[in-house]
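From first to last, the protein sequence lines stand for chains C and S. Under the numbering used here, the first residue of the first sequence is numbered 1, with each subsequent residue one higher. Under the numbering used here, the first residue of the second sequence is numbered 1001, with each subsequent residue one higher.
Hints are computed from structural coordinates only; laboratory data are not their basis. Don't be surprised by glycine CBs; every beta carbon is placed ideally from N, CA and C. Errors might be hidden in some of the hints.
Chain S residues, not near chain C, derived (Cβ > 12 Å throughout) [what the hints assert, rightly or not]: (1) T1061; (2) T1159; (3) P1183.
Below, a list of computed lysine-lysine pairs in the BS3-like style, where the Cα atoms sit at most 27 Å apart [claimed, not checked]: (4) K221/C with K1003/S; (5) K1011/S with K1030/S; (6) K1221/S with K147/C.
Label-pair ranges, simulated between beta-carbon atoms [stated by the list, open to error]: (7) T1133/S with D280/C: 50 to 60 Å; (8) A1295/S with S92/C: 35 to 45 Å; (9) D210/C with S1092/S: 25 to 35 Å; (10) N1033/S with G55/C: 49 to 59 Å; (11) P157/C with R1290/S: 15 to 25 Å; (12) N1177/S with D210/C: 21 to 31 Å; (13) S115/C with G1275/S: 18 to 28 Å; (14) D1294/S with N158/C: 51 to 61 Å; (15) S172/C with F1279/S: 47 to 57 Å; (16) A1295/S with K93/C: 48 to 58 Å; (17) G1275/S with T264/C: 22 to 32 Å; (18) K1003/S with I52/C: 29 to 39 Å; (19) T1061/S with F279/C: 42 to 52 Å.
Number of protein chains: 2
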Amino acid sequence: MLKPESEPLFKKVALIGVGLIGSSIAHGIKGLNLAERVSVTAQSQRTLDTVINLGLADEATLDQQKAVSDCDLVIICAPMGSYVRIIENIGSKLNLGAIISDVGSVKQSVINDISPHISEDIHLIPAHPVAGTEHSGPNAGFAELFKDRWCIITPPPNTEQLALDKVSQFWSALGANIEIMSPARHDMIMAMTSHLPHLIAYTIVGTASDLEKSLTNEVIKFSAGGFRDFTRIAASDPTMWRDIFLNNREAVLEMLQRFSEDITALQRSIRWGEGDKLFDLFSRTREVRRAVIDAKQEKMYD
Amino acid sequence: MLKPESEPLFKKVALIGVGLIGSSIAHGIKGLNLAERVSVTAQSQRTLDTVINLGLADEATLDQQKAVSDCDLVIICAPMGSYVRIIENIGSKLNLGAIISDVGSVKQSVINDISPHISEDIHLIPAHPVAGTEHSGPNAGFAELFKDRWCIITPPPNTEQLALDKVSQFWSALGANIEIMSPARHDMIMAMTSHLPHLIAYTIVGTASDLEKSLTNEVIKFSAGGFRDFTRIAASDPTMWRDIFLNNREAVLEMLQRFSEDITALQRSIRWGEGDKLFDLFSRTREVRRAVIDAKQEKMYD
């Protein structure tokens, strides 16, 4: 169990968007006493009603400007494709000295999108909690989502240390392990660990569903041999993932190009029956698995 | 728990090879009274000693011909690359009326490899239990490995029904659900559900390990975002997987070609910022996930 704070870290926190991540943050703020007040804004009254029924907010409004007024922390938890529209709307309404943060899966584009619309007195501290499930929406959230997961914070140059510390403290309180790095480095690592795997999973599931109907049905029936794991990844939120690929274009294309070259080489080895080359690769990849287990990113048996 | 048979199904079963699958079958035969006697043969005395210590065999010998003598069922549980060598050695030593089966992941090539070396009185009934873990070797086996998993049986034309029934009964007793289909159909389905996913997982893990060292380390550290699932798949047994790709060459190359076309199209969509095309695919793949869950190939939450 996570331990509640004795003093709230913030006076008023606004969450712009309450999908899986936003609602999980709200659960955490409420349960762990991280703010005196929480205001939530969303695009539909239905979502706000859900939030109110779950007891996740002191204020729930369709009006983004109203939601952010008097806040010392504003977290954008909406699809990255909506950031520019949001910041154009709220940028001039933020309190002097407020922190604006987000939870997007790409970080350089967030800085590019937001910085032009905020004054120098506002602290931009982008963050990326590396956590999720295959479920989305305000009902999917839970306070423990971030526990023992990474939260990568990517402050732009010349960020004030005090503001950075407060955001780190906030995510630590939610149970996350904090890592601070440059936005460009973050985007390159995520292109390999998350974006490329998702792209591949979406692709192969699409390839399977384009087969002759009876064959697709049998692929589903016998999916336990590996394909099933890809379907779980390929069930992730379409809007979020569209935005990720559009916003991390260069790093994804770079990693995808490397992957394509490597799979073409393997294809050639299969065609020409080069068993030794296959065996060498298949042995080498086992070491990476061991390293993942050693890094405690996975239990040995699960 | 699986229910032991009141009468053994076979007099003497020989297992040629005792890795994960072979040792799991041995556990099952012993625990469920599926044969009066079990003989095991392996390539090293060390493996045989393990088998004896685990109480998995009545006979354990390095001599394959001795192991199969007087058997009414022989199951090859060795890498597919060794089938020809094995059948050349034991083919003429099989009892008249005996059944020879296997557990390989490709089925047409098994028939091509084995049939020329056995007489017409021997029943060739290839089978593929679609089950496994990321662990291998005789110590990794357990009787419940096949429970509620598919076992696909691919009898050649003109197979005697009685022999087919006995093999089906054997796998049912081990807890598997039986499916009977043609070897060609099996190989095409597995190319998509299992072989292509493994090829992709091996490739991406290889691509990641070829990055600059410090970046590879961070990919491992932050592997939870999708990459981790691929490392589990890419930790599978190298010899087994080399043989799968060499033996199911045509079906794998066909599915890989379709996949490559599809990912190239996606690459283009990312480069040109075609968000709608990405969104359409990412929505479509969710339906396949639902179908996998509906087909009870996966629990909703796991």
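Here is what the structure says about each hint:
Residue placement check: T1061/S keeps its beta carbon more than 12 Å from all beta carbons of chain C (closest about 28 Å). Against the 12 Å criterion, T1159/S stays outside the reach of chain C, whose nearest CB is about 21 Å from its own CB. For P1183/S, the condition that its CB be more than 12 Å from all CB atoms of chain C holds, with the nearest at approximately 14 Å. The suggested pairing of K221/C with K1003/S holds, with an alpha-carbon distance near 26 Å, which does not exceed 27 Å.
This hinted pair checks out: K1011/S and K1030/S have alpha carbons roughly 13 Å apart, not beyond 27 Å. Of the supplied pair hints, the one linking K1221/S and K147/C holds, its CA atoms being roughly 16 Å apart against a limit of 27 Å. Between T1133/S and D280/C the beta carbons are some 23 Å apart, a value that contradicts the proposed interval 50 to 60 Å. Take A1295/S and S92/C: their Cβ atoms lie about 53 Å apart, and the range 35 to 45 Å is violated.
The hint said 25 to 35 Å for the Cβ distance between D210/C and S1092/S, and at roughly 47 Å that hint is violated. For N1033/S and G55/C, the Cβ-Cβ distance of about 58 Å falls inside the hinted range of 49 to 59 Å, so the restraint holds. A hinted range of 15 to 25 Å for the beta carbons of P157/C and R1290/S is inconsistent with their spacing of about 46 Å. At about 27 Å, the beta-carbon gap between N1177/S and D210/C stays in the expected band of 21 to 31 Å.
Between S115/C and G1275/S the CB atoms are about 23 Å apart, so this pair conforms to the stated range of 18 to 28 Å. A hinted range of 51 to 61 Å for the beta carbons of D1294/S and N158/C is consistent with their spacing of about 53 Å. Separation of S172/C from F1279/S is about 35 Å and departs from the stated range, judged on CB atoms against 47 to 57 Å. For A1295/S paired with K93/C, a C-beta distance near 50 Å keeps the hint of 48 to 58 Å intact.
Between G1275/S and T264/C, the C-beta spacing of about 27 Å keeps the proposed range 22 to 32 Å intact. K1003/S and I52/C have their C-beta atoms about 54 Å apart, which leaves the hinted 29 to 39 Å range violated. Look at T1061/S against F279/C: about 28 Å separates their beta carbons, and that is not inside 42 to 52 Å.
Of the numbered hints listed earlier, those contradicted by the structure are 7, 8, 9, 11, 15, 18 and 19.
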